Amino acid sequence: MKRKTTLGVTALGAVLALGLSACGGGTATSPSQSGAAAPAGGGAKAEFNAALTQVYNPSDKKGGIIKLANAGDWDSLDPGDTYYGYSWNFIRLYGRSLVMFKPAPGKESTELIPDLAESLGVPSDNAKTWTYKLKQGVKFEDGTPITSKDVKYAVERSFDKEVFPDGYTYFNDTLNWPKDYKGAYKSKDADTDSAIETPDDQTIVFHLKQPYSGFDYFAQLPATIPVPKAKDTGAKYKEHVISSGPYKFDKNEIGKGFNLVRNDQWDAATDPNRKALPDGYEVTTNVNADDIDNRLLSGDLHVDLAGTGAQPATLGRVLTDPNLKATTDNPTITRLWYTSINGNVKPLDNLDCRKAVEYAADKVAYQTAYGGEFSGGQIATSLLPPGIPGHKDINPYPAGADNHGDAAKAKEALTACGQPNGFETNISYRAERPKEKATAEALQQSLGKVGIKLTLKPFPQADYFALYAGKPGYAKENKLGLAVNGWGADWPDGYGFLQQMVDSRVIRETGGSSNISVRDPEVDKLLDQASLETDVAKREPIWGQIDQKVMDDAFILPGIWAKSLLIRGKGVTNVYVSDAFGMYDYLNMGLQ
Amino acid sequence: MTSPLDVSGAELQAMPEAVLEGTQSKAIEGRSLGQIAWTRLKRDKVALTGAGVVIFLILVAIFAPLIVSWLGHPPNDFNQDLISSETLAPKDGTGISGDHLFGVEPVNGRDIFSRVVYGARISLLIAFLATLLSVCIGTVLGIVAGYFGGWVDSLISKAMDIFLAFPLLVFAIALAGVVPDTAFGLSGDALRVSLLVFIIGFFNWPYIGRIMRGQTLSLREREFVDAARSLGARGPYIIFREMLPNLMAPILIYSTLLIPTNILFEAALSFLGVGVRPPTATWGGMLSDAVRFYTIPHFMFFPGMAIFITVLAFNLFGDGLRDALDPRAR
Amino acid sequence: MVTYIIRRLIWGVVMLAIVSMITFAIFFLVPRLAGATSESLAARYVGRTATAEQVKIAAERLGFNDPLIVQYGRFAKGIVVGADYSYGPTTEHCPAPCLGYSFLSRLPVWPDLIGRLPVTISLALGAAVLWLIAGVATGVVSALRRGSVFDRAAMGIALAGVSLPIFFTGIVSLVLFSYGRPLAITAPGGSFTPFFVNPAQWAYSLILPWITLAFLYAAGYARLTRSGMLETMNEDYIRTARAKGLTERVVVFKHGLRGALTPILTIFGLDLGLLMGGAVLTESTFSLPGIGKYAIDAITNQDLPKVMGVVLVAAFFVVLANLVVDLLYAVVDPRVRLA
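First to last, the sequence lines map onto chains A, B and C.
So the first sequence is numbered by the numbering used here: it starts at 1 and just counts up by one.
So the second sequence is numbered by the numbering used here: it starts at 593 and just counts up by one.
So the third sequence is numbered by the numbering used here: it starts at 923 and just counts up by one.
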């Protein structure tokens, strides 16, 4: 949930990319090959959505410094700590994880290919054990060879959430750690072979508590990027991450920016996926977001790092000018902006009262609050975004003919709930997010029309889940009936999208979970069933079933499936949208 | 020693010295002063204009619901049909029409005219109450310090020094940010307004306090106070019956001049997102929304001008009042 | 004189100590009144997925269960002698003045804060030079030509100037003059270049905030200078000077201006001191990464160690400015020393 953007697949991309993926073929295809498959004349034309499914401006020209700017700041540059989508995208320039998403446009990018490993994971023991063999001759920036022990150490250190609070907990939760294990720092001498074994310097074996068929998705997480124990400085490691990729840190001022220069220890022979075209990267953080747009349009800047798209002030300028519109792309992302309906708060414990909320909500106002058709997204009628396998078009609560809400149906539901005149409750949102504020205001308006009176409760973003909306006791006591929320898939797959969002077992009394409203044992059962199912054809329909069940429960009011309006930097080569990240792929960009 | 905002900081500063000198050398002549001042004020067209605008604004604030029902729309109601779902801007650029006098906001199409009118309520209410609070605390403590002197004076003076050493705005935002939504038996707008009144009022009292202390110090040595004392009058009597009437002029001047500062303070807090909660309209809050849409200038123009005109009107009137009550201070 | 300076220095330190105590008490008490417990405060330090037990241990380790006075003592000790923190393989020593550890960035507050200082100082000093020159010059000319067209126009603009909030003039100037706009005169926001790296770029990136900030202050200073000048020019010693047959230029600049400027310099010192502690509104309007922006970011994230740090640094500048102004007065005016 901390991730600003998501990894994902686009519906449109899925259709258009069919031709391309056929060309892509086997494993480890570099984008230059995909680029070669693009239309004659050197790639896509300069038009709206040109880089959505093809490589725009393909080139192998080396040199130049790519300039990137970030309106916010990294959660962390440390591979063991980062949880932002753009960071997972960018980190591949200075780190190599066991496997990676294929650097290719559109749908093809959701394919996993080996990176540090020689091949994808080899499952055994009914997918409870996963083995990877590392490539020979891969070195850290100081020339030390990378061994499986460095990967093991990297995963072990990421276990310590006191030192690395931003990261995910997939490895913590699924690997068979010894009892009372506290991570590489606090349990220095613990024998962790029950979780990760390194029989030799090139082999690493992961042992899971339960079979999981999608472990390769875990193996692409930045936490498998090797970290040399001798150079690890804990929380301060982010100030100088030791590179295993084609670029390394030169100067790094946390909160201001950093630059990357070529890593002379990186050997292209071990790495068919990275082109390493520019001579370096210059990244500025905490830059005014409107300035980023202006500089992108003027050519002073190459990439808007956050990858969340143009600012509202820029929309009017870009969308009304055909020449400027031709320099943009509009991908759909595997992210749902939604509102949690908390069944712990009366009278929303009653299904019909929750249904009244579903019917009354003005979906168009929801969409506009998030930025409209292009910059906001597509009106969502259920949880699963169209790009996630298993998605079915369902619309259990039609919001009237024009999507402005169905007051008549809402009234009916209210009567069934025993509150014919409506009721009062609160809606929480993150104070720093103007779009969430606009959403809360929009819901206050549309729900008010059927008599559901909402009071707005802004809370600071940093503590939204830990202390307020995400803390069950607090939410109940303070009657936070609705909570503006959002979730993006950690990777484009039903598990990666749904698990953190609807599994009631992730809800903790101490707070902090992103799921703050879905409590249905049947949903939990379906999730378990799906993660044990190794047959993809049988697994995918289960995601659709879960979607339907949660909608029937009316624990979630779906708002929109996010889209973003990305601006292509001037003079940048190899520009394409990676569906895996839902933004431009930063790995193989170059300069003209 | 400086006013809370990093704007117009110097304005309030100037007065202590100026007025001190003015009153030290020229006696304030009890009752007739009011008449003299009124004669002077009547001749000051600029100040009268300011006063007229102030009265107009107060009426607007009081009759906001009436005005809006006549000329506008409910301030929180959406007019989504006027908004482009692509660019989020009003379809015709501003939405200004006979129906929406100042146009509509981007994204939700709320009527800017009505929101500006309702914004006046919050702005003036908070500014007046906060000023009242500052003036009360400042006057009482200032007089006490000046009248009693000694350790009382040095204690209060040191307290004022410490208050003035606080980075007020930072502190005010931090405080307004951590207070929960329900506290002290209040909630919603009532709580936020009280909180803002408290924060703004409480941190501003030392300015008034210093002035009052100085005035009291000079009054204490005057003949009529000596006379009262020699007739057996005691502290409270002297303070309330002899000194307070003589302090009314500076109190009035500084109250009038503190109101615009407080309007700016409230707008700043709302601008930084710690003011009254949305969707309640405030001028500062509208401006902070408008920053995201700076390519749609009419959105920032109206709330910005509302702040400007209000503050200017109070400043004009305050200046005129000071000139009238105390012509040498000019 | 020496004893006076020492006395003032001691009082300055005492004031800072009291400010820190009040700030600490308020930020200790208010979140707790708001329903936070030591556990919920500690939860921020252990990540989102910690168990109740881990949170409890962390609360104990961070000392959140200790009484207010003990916690303050630890904080104060950190400032004087530094403190040790354990985030990673080794225990980190946070050298004095250690203002604590930010739970969000996992970095000590002090170096972070100091890194922002050049931005704020550049902003404040640059604007100060502009407004002092513009404000005083306008005020003097207005006073000398009292009632003229210039006087009326200047005072009208000045009155408008003191009635405008910077977050309005700031946005308007962004709309008109910022990067990417038709009348652009400035570099993109947020891209501060240190003076010693490239002075031209430094000025280019700050020109708009300087002018905007200086305009508001200049308006106030023009009004002050004008009234100060009018007052001094009526004084007896000015009449004496004129009677001595001095030229008008000498009378105005050597006698008149000097008398009028003394109170202005006092205010100038204090204004500057306050700005050094973070021009919150200016920096957030122009997205300048200075102390003020740092303060806002810290507050929105309720990162209390950072908030404490900002408040203390800002208070330090105010106290320092007060001290300097008082000492200057003591030098100029021997009577003050006796007070």
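No wet-lab data here; the hints were simulated from the structure.
These numbers come from a predicted model, not from an experiment.
Don't take every hint at face value.
[Said to hold, decoys possible] Simulated crosslink set (SDA-like; lysine to any residue; CA at most 20 angstroms straight-line):
1. A:Lys476 to C:Phe946
2. B:Lys750 to C:Ile1133
3. A:Lys128 to A:Thr203
4. A:Lys525 to A:Gln500
5. A:Lys149 to A:Ala190
6. A:Lys325 to B:His665
A quick look at each hint next to the structure:
no., hint, verdict
1, A:Lys476 to C:Phe946, "violated (30 angstroms)"
2, B:Lys750 to C:Ile1133, "violated (36 angstroms)"
3, A:Lys128 to A:Thr203, "holds (17 angstroms)"
4, A:Lys525 to A:Gln500, "holds (14 angstroms)"
5, A:Lys149 to A:Ala190, "holds (15 angstroms)"
6, A:Lys325 to B:His665, "violated (35 angstroms)"
Figure legend: structure checked against the earlier numbered hints; hints not met, in rising order: 1, 2, 6.
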